[in-house]
Structure formats: C-alpha cells, structure tokens
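*Asks:* Generate the whole structure from the sequences, applying the supplied hints.
Just so you know, the sequences run in chain order U and G.
Each residue of the first sequence is one higher than the one before, counting from 1 in the working numbering.
Each residue of the second sequence is one higher than the one before, counting from 1 in the working numbering.
Zero decoy hints are in this set.
Identical copies carry no separate label here, and so any pair may be met within one copy or between two of them.
Taking lysine-lysine and the DSS-like style, the derived pairs with C-alpha atoms no more than 25 Å apart in a straight line are: (1) K228 / K287; (2) K287 / K297; (3) K159 / K228; (4) K201 / K228.
Calculated directly from the structure, the hints in this document are not laboratory data.
2 protein chains.
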Amino acid sequence: MPEPRSMKALIVKHDGLAESRGGTGIDSLEPYLDYTSVPVPEPRAGQVLVRMRMASVNPSDIYFIKGEYGQPRVKGQPAGFEGVGDVVGGKGLYAAWLKGKRVAFVGGVSGSGAWADYIVVPASQCEVVKSAMRDEDAAGHVVNPVTAWTMFDIVRKSKNKSFVFTAANSQLGKLMAGLARDHGICMIGVIRKESQAAHLKDLGAKHVLVQTEDGFAKEFATLAASEKPRILLDAVADQTSADLFTAMPSRARWIIYGWLASTAPTLHQPGQFIFMDKKLEGYWLAKWFRQASIVEKLRTLRGVQDRFISGAWKTEVSATIRLADAVRDLPAALERGDGKVMLVP
Amino acid sequence: MPEPRSMKALIVKHDGLAESRGGTGIDSLEPYLDYTSVPVPEPRAGQVLVRMRMASVNPSDIYFIKGEYGQPRVKGQPAGFEGVGDVVGGKGLYAAWLKGKRVAFVGGVSGSGAWADYIVVPASQCEVVKSAMRDEDAAGHVVNPVTAWTMFDIVRKSKNKSFVFTAANSQLGKLMAGLARDHGICMIGVIRKESQAAHLKDLGAKHVLVQTEDGFAKEFATLAASEKPRILLDAVADQTSADLFTAMPSRARWIIYGWLASTAPTLHQPGQFIFMDKKLEGYWLAKWFRQASIVEKLRTLRGVQDRFISGAWKTEVSATIRLADAVRDLPAALERGDGKVMLVP
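*Replies:* What follows is the structure, encoded as structure tokens:
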C-alpha cells in the first residue's frame, strides 16, 4: 500500500527565537501551532520515513514552540521532537534494513517533527524498539529516560552516596527516584506541592522536601549535613537552586540541565568556588549523544528499554490526545502536571 | 651568636572571622594589629626558625587581618603569610640541612606570622632561594608568582590561544602579561584606570580594556568574537565578571581565584551552562600545593626563581616599610596601588 502524499500535522507558525521568557507553562497553542494538511516529507539519503504511532510532549517541545529553547524555530515544519512509529520508507542500506520495524527517535529541530502523521528522521537516530515494550513507554524513552540514566551515571561515577534533585515531580524526577533506590543512593527530591511527596517517596526518593513550606531551608541544611549530597541536578536555575547549592558541602557540583525559572540566580558566596572547590556546569543530552561512543549509546538505550520492559520504570500517562484535538486540549492537560501527555495521529 | 628570647612583631588583635565584608582596602591598621614585643616562637619537630629579611604584603594578608579571608584569625599571633629570611634554628634532619640557608615560604594561618623579626614554619614549606635572586623578588615569589605560573598552566593545557584577566593591574596581572607574551598567547586585561593601560601592554598584554569607559561592553564583545577567549581568570567576581563570561564564546570557563567585590554576581543566562557548555569553577593556590606532586612543585618553584633571576619577571616594589612604621604607613602605601609593598624588620 503506497503512503499518501499529504498528511495532517501541528505546524509551527513562527521562525527563529522569541524575545519572551514565559517560564514553563503555555496558556494557548493557537499563537504558535496550526493543525493543518501538509505534504508528507520526502526522505533524503540516509533518512527514513516513519508512520507515527505516538509522540511524547516534553518541556523542551513547549519551550521550542514558544521560541524559548536554545534552537531557532523553522516556520511551516511540524512541531515535536520525540516519538515512536513504524518505518515505511527511506533511502540507503540502513534505512532499508529498518523498513517495517518499530522505532523510537528524537528528531532534529530544523527538519520535520513528530506531531504529525509522518516524520522523516536520519536512520542513524532511530532506535529499534523491542516488541515487549509498550508504545506509551517507547514514545518518550529517549529524551527523559536517557537523560535520567546518563545523569544518574554522573552521580554513580562521582562516588557520591546522595544527590539533590529539583523539580523532582517531573517524569525525570520519578525515573531518577527508581534508579536511586535500586542502587542504594539517597535522592533528596525538592518539590513545590506537598501532595506530590508521598508518591515520589514510593518511587524511591529517600527524602522529599517541599520548597514552599516554612522551615524548608533549615530542613535542607540538616539533610546537607547528614547526607552530604555533593551533586545538585537542577532543572530550575533560580535563587532556590543557588541557595541549595550554597548550603551543600565542599566539592559540591551544581549541574544545570534546564531553566524552568523566569528569574536569574545570584551567587552570594563566590568564595565557595575557591575555598570549597565547588563547581557549576551544565548537562545537555544532545551533547551526550554527540560525545558518547556507539557502544555506550547502545548499552544505554538497551538498558533503558529493559528497565521499562521489566516494569522497574513505567511511564505515567495522564492524557492521550489526538493531533486534531491538541490545540484545544493540550494546554489544560499540561497544566494538570500529574503525568506524561501523549499525542496520537 | 644565640638568638634573642623576645622580638618585635605586628600582632593580630582578634580571633576568628568577622561579619564585615569591606572589600579590598584598609583605612587603618589600628583596629586589627599591634606593634609590640612577643617571645620568639619555638620550632617544634620538623619546623625551622627563620630570621626575617623581608615580608610581602598580599591582598590575602589584608583580608585575613580583617577576618574576611576563608580562614579564622588567631589572636596574639603575628600577621603575614609570606616572606624570605635565613634559617637560624630548627628541629629535625631536614631542618638541620636548611640551617644557614636563605629560604622563602608561605606560613600557616594558625601559627606564627611573617610580619615579625622571626617566624617558625614547617621545614617542608621552605623553598631554598638561589643566591642570584634579590630579596625583593624572593619575598613574594610564592603566592603571586606561583599562582600566575600555575594559572597560566591552566590556559596552556586548555590549548586556548587567548584568555581574559580581570583586575589586571595587580602584581598577578603583570606577571601573567609577561608569561602570555613569551608563550604567544593573547591576554585581554581588564582594568579600572586608563592610566594603567600602557604599562600593562608594555609588560605583554595584547589588549587592555578599561571597564569604566563608555563602550567597554561593546569593545569586549568585538574582542570576544575575534580572539575567542575561553578562559576568564577572575579575582573580582562581580557583575562585570559575570557579564564578561556571558559575552564569551561556547565552552568558556570562568575561574574565580579571588573575590575583591563586595557585591554578588547574578547569572542572567543559566542556559549557557547547558547549551554552550560553559563552566564556573574556582582556583586556590593552597589546593594546588596539596595536590601537586613534589616534582611538579620543584619544577614550578625553580621555573619561577629562574624567571626572576633572568629578569623576565621583576617585582615592582612601591614601598619598603619597617615593621615599626607599618601601622602608620602601610594603609597609604597600599592605597596608592602602583606596586608591591614590602615589610622589613
């Protein structure tokens, strides 16, 4: 059966970056996306055409749509970085080998996107999904799970027995909690709402602190003294993050992997970098993919898939929305923030 | 000739750290130091007694006296970290070997100090000074010159062809300028007063920018684009430092080795740590001394001495003050800030 010439997709309405900096939420998709018909993209050499099964919605997608991600938008292209689908065409030997297989991928930012009936991606960026893995787990198993896996590797390689995780109610936080428990490492999760604490502890976080509560700073100082966390994995980068870092012991590393805050942190104790040998650095999954060896990537992706297949990790899906309904329904689903939102054709 | 039982010294009047944070200057020494008679300290096992020839005055001495350094003061002990003198006694084999030799040293913070007729220091911290080296060069050849040498090693090992240096009119800045020129590396010096620019260029800085001038930010942005400096060696840690770092290219490292500012920097672009792989860290000479191998230390100290003996480095002494006159004369000499101030018994 030949594939159609045209498809439905959620198309980006703007080019480049925006001046705005609105933080994590999105009130309405209408200013940013159109649900419309566009031609099915054509694979070039080394690329495959994938018929989408399911796409995940990550914070980076929302930042990108708004023009607030580190990469410029391309008007007229479908949005969406990550998903799972079936390879139905392609050009090149490896593309031919992939044909008929179910693959997961993270698409580029300048090409076609995953919030569409079809996407074109480089064959080299496709990960064949084991048959025992659910679409719900496969659709988002690269961005967040590989980030969790590789950031947890940073903790393990540092030989620290504890770490701090901000915005810990995120999918990433939940994935980290399980890894921490399974490896006997203490995760100190920092969250905004008390209601999320019990679930995060169930998942494996040893301590969960609510940053909006009285006594938060004192409670953290006590934990910093007893658990001696020396790694702060931080998606927020606001003053609370800076203050947590200041309260951590010598040789602490503040690793920023996201910037959810719309305010900027002030470093009140620059002397700690000198006398306490503290460090501030970043983490970016794209850089990991560029620098890791093929063996390291395969081992990591296989490890991630096996963890989902075994049930040690489970994607908590809070809503599955059709592309046709996304402009109307996605903002409210994201606002609830109690699980992963998926898009299906 | 036996050494006397008592000596003159500048004695610290307070214990511990102060709450204050007054920045780099000092208006009067009277609140902090007494010139008085105290017993000559007794060397314990592994220590030597040194008859002082000359002590240098470093920013860290002033911070320490005021209780604003990273280490608590000990009331009743002489001030002064660094100097040169003759070994006149000691306990242990190595101490006996050092007897009669001229040595330079950096004293501990909890023991006896260099702003005195005599000091006791661990024999292992003494550096025998080659006879061709002037006392003026030897008295301050550890703290600043070894810092310059080892920080310059960071630049060289990074393979960068340029670096940025703040507060570049310091002795350290002048030492760095010569190293930079001799190794064909571009130093971009940042200073406060136009009057210092020509001298710093003479010494070897390729570019000198005056931060108080209009157009400073734009000028730096242009240089950042052409010279691509990826290391910022920074003794200030204020908003100007943070803004320089923000304007630097991807993979830039901000290395804080001092905190002259009394204000704290805000990080307006935390995303640069993620997407541009920037890093913020500290440098502390004491840590280098703890971690470097003996061979590395000997090679470095010999390299430093040879550089002074050859005339490639020269200590610019602006005032030599007797201990007895220091309480009266030292603040004004430091205020001039146009060279190194030395203290002699």
